[in-house]
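Based on the provided sequences and hints, a complete structural model is requested.
Number of protein chains: 2
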Amino acid sequence: MVEYVEKSTQKVDVWKLKTYMCKVKTMDIYTGRNIIVLNKDEAKEHDIYAGYRTKLNFRNKSVIAIVDVSDEIVRPGEVGVFRDLAKEHKLKNGEKISIVHMDRPESIGYIKKKLDKETLSEYEVKTIVSDIMMDRLSEIETAAWISGAYINGLSDDEIIALAHATVESGDRLDLGKKGPVLDKHCIGGVAGNRTTMVIVPLIAAAGLYIPKTSSRSITSASGTADTMEVLANVTFTIDELKEIVLKAKGAIVWGGGMELAPVDDKLIRIRHPLSLDPEGMLLASILGKKKSVGAQHVVIDIPVGRGVKVPYIERGNHLAKHFLSVGNKMGMNIEALITDGAEPVGHGIGPALECIDVLEVLEGKGKGPDDLRHKSLLMTGKLLELCGKVRKNDGYRVAQDILDSGKALKKFREIIELQDGDPKVKASDIEVGQYKHAVTSKVGGSIFHIDNKTMAKIARIAGSPRDRGAGVLIHKFRGDRVERGERLFTIYAESEAKLDFALKALEKLEPIEMRKMLLGSVG
Amino acid sequence: MVEYVEKSTQKVDVWKLKTYMCKVKTMDIYTGRNIIVLNKDEAKEHDIYAGYRTKLNFRNKSVIAIVDVSDEIVRPGEVGVFRDLAKEHKLKNGEKISIVHMDRPESIGYIKKKLDKETLSEYEVKTIVSDIMMDRLSEIETAAWISGAYINGLSDDEIIALAHATVESGDRLDLGKKGPVLDKHCIGGVAGNRTTMVIVPLIAAAGLYIPKTSSRSITSASGTADTMEVLANVTFTIDELKEIVLKAKGAIVWGGGMELAPVDDKLIRIRHPLSLDPEGMLLASILGKKKSVGAQHVVIDIPVGRGVKVPYIERGNHLAKHFLSVGNKMGMNIEALITDGAEPVGHGIGPALECIDVLEVLEGKGKGPDDLRHKSLLMTGKLLELCGKVRKNDGYRVAQDILDSGKALKKFREIIELQDGDPKVKASDIEVGQYKHAVTSKVGGSIFHIDNKTMAKIARIAGSPRDRGAGVLIHKFRGDRVERGERLFTIYAESEAKLDFALKALEKLEPIEMRKMLLGSVG
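Chains as they are written, first to last, in my numbering: chain A, 1 to 523; chain B, 1001 to 1523.
Because the hints were derived from the structure by calculation, they are not lab data. Honestly, I wouldn't trust all of these hints.
Claimed, not checked - Below, in silico cross-link-like pairs of lysine to aspartate or glutamate (DMTMM-like), each with a Cα-Cα straight-line distance of 20 Å or less:
| # | chain 1 | residue 1 | chain 2 | residue 2 |
| --- | --- | --- | --- | --- |
| 1 | A | LYS90 | A | ASP28 |
| 2 | A | LYS40 | B | ASP1467 |
| 3 | B | LYS1504 | A | ASP47 |
The model shown is predicted, which means the values in this text are computed figures rather than measured ones.
Set out below in structure tokens:
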């Protein structure tokens, strides 16, 4: 990855005069942040207090760390180094490092500007990103940056600067001049929506490159990387990804396993607790990641509906246009699709159950969920048209032919094999949780709504995604007529206790709503 | 202090099903936050990861803590408890506590509302404050709350709700029905501005109550509490403060030493790194603290000028009116004064040097800085008029009479004695740093500007406020004519090394600017 070189600030950094040497004492605690522990009295002597930012110098390296202090564990002359930091920089007990009290990084001024509704220059945005990468900014300061971007918005130029800085923060996949590179992205929120695992083999079988990096679940029941991991390894280096893609044209790997756009992971850690998704950061993050793998033609899936990120179609259209304008300015060919996200796609929710859906669609023979098949073909068709491989309006039919010919299944198995999985795998081989419970309808009627979030919550309580076989299998869908006592869905778990947890939680949740005639009465 | 009772949230908290018991293992590290360390694998089994929020239950108590994880230091069945938490709740090694994974606190939704430009109800503001007090909100979430209040502003009703919640977060001083309680506050930024130490004895000598709580320095050269500490103890409980005030009518103590408005300290910790001072929070904080000590008549000092918080007089006027309207709605009688804050007040900057200024003003005999004497008399006069003790326009003269009569000096010595200091102290007794260096002018001319921040920086580098005798003594002031080689100011330090640091820093700083005729040229 790119090595950030510290920029000299204009202000006089008088504190830099205050340096002292310490011996490393490693401490076995993960903190997820760069933290050191100094002896309280000694630190005070050097005007350093808990929460201060320091620079550690050792072996020609410089690392920024936040200070904690201790009376006893760390003696004068020692510096306690937490596991994250010790591991990353191979710091050994007794190694000598120098501690320097640092001034505020220059990017704090730029964050303040954004809070004051000013527009930042490319240099200012890139400085913020590099300071985040170097751990020069604390969580507090980063939270203010995200809040400012959320409330005051980012201009297109700021978004592009942020996307480019995101790309530059990490590694890049370079396939050389091997023909067009395609990609797809879904902004998420729809349970069971595993189109990637159908689209990638379809595109690769059509002879086009699609080096897909996917995420793991944060709050959903399963991410594409979690589901793919049932069938194959998903953790690869960037060089290994390149090797797989040069052979099979496609791959489905975990994006977090490599150093692609690493600043994004640091931002998500802060954005997540508040579910704060500033539109400009969403665009920069997604388009930056696409740029990192060298994508030229990208289809963006924007699910719209009750309970997903984008509740109304007007907002979906606005977001779609924004993706187009920024993506085009970044030199990418974009098509953004507004899709129906009001209920889960496919039958299964949870890694193993979703694998069955995907494999059944690829195996054909009329099995597998219609909606997953249809949506995957639609998106593949758009991608084929977008890159000029097939004529306008021919994409869906061409994709369908590839699927029905069995070439996509063959390609999927080739990818699975290159990713260290069993290429002979069939839908019927996939094992699901041995503890299960079928939930039946207490009333007769027709189904009005199946809630993505509530279904995901039930699947998670049952153990998904860590327990690969845990999750929910839906039997009845929106608009379906059900009789009293008929099965609505089945919960799967890998332990009886977790199945019980899910059933207990279910008492207070309403994952499926029946249509009601009377919505209220007055008088 | 007020005990916060947890409110039940409307949402189903299914995670509460997941509880496990652990034995306490205390760890000698201060973190400034409630953090526990769990065994990594065991936590994972309970779906708890680093950064998650948990509730600890023990002895009918509940505490919220953030999770760190460790492979080795903490074994399964143990919970590592950092020093802050262990000390506060007297947790002993081996004590059994239960760990519960918590859902998001309801106030996160209200913070999101503020980010979305909505106005919060009194209940919502109070819930945010109580969640901050209970450590239910992380630094990230609190930073978003402050950023939202900064960008979107707070309505008067929100400010009042915040001020009342601030008062309710801590202890209160109740002097009974003893006659009017007066107070003063300066919003800060002016070096050497120690009016409090002159005003308090003046008001108390006039027979009126003034229980003044002051702060320590954060980035300034010295806070009033630091300076007062040269002469007396400043750390007292609320009951001790009451005792002193009932005897002497006045006191000058450290506000941080008692539980007055403790939520404020938590907010300042987050606001400080970004110097983020949302106007509404400033008002709520100051007026809340005044309310906490039962103040009825309050004079607010708003210094305006180059380099202080409020650079322009228009902004000062706006802030003054805002203090009045909110203060009046809270039932307090307010007068806000716009003062000249463009250069330091008094001669000395740093605890001991400032004490000399204060004592010389109180001792009279034509000694002591004129500006400190004049400003203190002016503010005392306004306070005397505000509470109806003297007629409009008579305040200054009455204050002057008290000062000149020696009654204020006598009262100050009484207060010093009640605060465990030496009542016989004189200006000439105060010891300053033994290492000193006089800085002379390199050119002849007249002084155009003396910079508060740069002077404070030099004093800090020389050791202030920790080294009580360190600081800067200014000899020449704005408008003064100086010859080449004439003394401008003297730096004092308690060690040769610190004096050298300050002199080295001085090479790159310009604390005093001379008047320039030619400001630029074109062509």
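Verification of the supplied hints:
Between the alpha carbons of A:LYS90 and A:ASP28 the distance comes to roughly 14 Å, so the proposed pair stays at or under 20 Å and holds. At most 20 Å may separate the alpha-carbon atoms for a hinted pair to count; A:LYS40 and B:ASP1467 meet this at roughly 17 Å. For the proposed pair B:LYS1504 and A:ASP47, the alpha carbon gap of about 17 Å is at most 20 Å, so the pair holds.
Going down the numbered hints, you'll see the structure goes against none, and every one checks out.
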